[in-house]
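Asks: Please build the complete structure, drawing on both the sequences and the hints.
To convert, take the position in the sequence shown, counting from 1, and add 88; that gives this note's numbering.
One thing to keep in mind: the hints can contain errors.
Think about it this way: if two alpha-carbon atoms lie no more than 27 Å apart in a straight line, the pair counts; the simulated BS3-like pairs of lysine-lysine are [stated by the list, open to error]:
1. 146 <-> 241
2. 125 <-> 318
3. 125 <-> 241
4. 125 <-> 146
Derived by calculation from the structure, the hints in this document are not laboratory data. Predicted model only: the values in this text are computed from it and were never measured.
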Amino acid sequence: MTWIDDARCPVEAVVGRLGWEALGRRGVPCPACRADKRDARRLPAGLTADGMGWRCFKCGAGGSSIDYVAFALAGQGLTHLDPDRRRSIRAWFQADGGTARPKSTVLASAPGLPGRPPRSEVQALWDASGPLAPVMADGPAHDADFTSFLVRKGLAPVVQQIDGGGLARATPDANTFDWPCWWPRGWARIWRLLVRGYEPSGDLASLHARGVITLDLPNGDRLPKTVWPKSPPKQRYAAAGLLFADETALAMMRGERTQVAVVLVCEGLTSWLAAAAWSRRVGSTDHAVIGACNGSFGALRRIRWGASPPPVVALVDEDPTGDRYFAEIVAALPDKRVHRGTVGGRE
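Replies: Written out as structure tokens, the structure reads:
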């Protein structure tokens, strides 16, 4: 029995694991053409009767669940990939014990689904948010829970670099801001560490926040550690394909800088923030620091890398999830040198 035999599973299982959303009889996203929809109610790709295959009604791409992942991460079906990229797809399936289990919660909507929060509202919330240093100092902005979180995550020593680089901010007081419908006022107490999410082009698209306190729910569950904007009624806001980026990375993504010594790709908000802040502290202005969450590592392939792309170091955790993310990074960047490292600041 080969790894392909072990990896075969329902398509909806890999859709969920990629961080996208399947709508059952109303279809799944197309990993090849990334079309918005087939019609008003259905996604572009349909499933076979047994759920083990898919076919896009827009571009005609299709195949098994393995082909679905190959298109999503490498842009082609499995049989068309070179040996290195085939090994990356194999590693992706084997990262969770060889089973592509569906997620209980969809972490990010499929690429191509509409859309992002209004840009003006995203900018307004960012502008209303403040630097982190005051939450650690005596004064009206002091926040003991926030301070404890920054110390626990190893971010307290680099708060000045975080503020100076505009890497993250503290959300405003719940009662001093006219909160948009996609960011409930009640979030202001918990998810206070705010960062910006960018398109691979470097355009501002959304906001992402980390909770600084932990609350247990009555049913024994815990609130999520991080949040993206909430989809308002009759709309869907997607987070897939969005990246975190420091100043050097943004300049590269926007085509404003062509010479970068190395690109660091981090797993999650706090790992990216730690790496970007420490890079700024030691003066590494030729290091570009990029972060991604589940469902967004494939967006790396859409960055403007330039004629002489720099080496890439993937800073991911030493666990099955980190193994999967590393495989996604390698598959998204088949023509680049990708090395693996680790960084503090686990999600």
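Asks: Now look at each hint and say whether the structure bears it out.
Replies: How the hints compare with the structure:
1. 146 <-> 241: 46 Å, violated
2. 125 <-> 318: 21 Å, holds
3. 125 <-> 241: 41 Å, violated
4. 125 <-> 146: 9 Å, holds
Going through the hint list in order, the structure does not satisfy hints 1 and 3.
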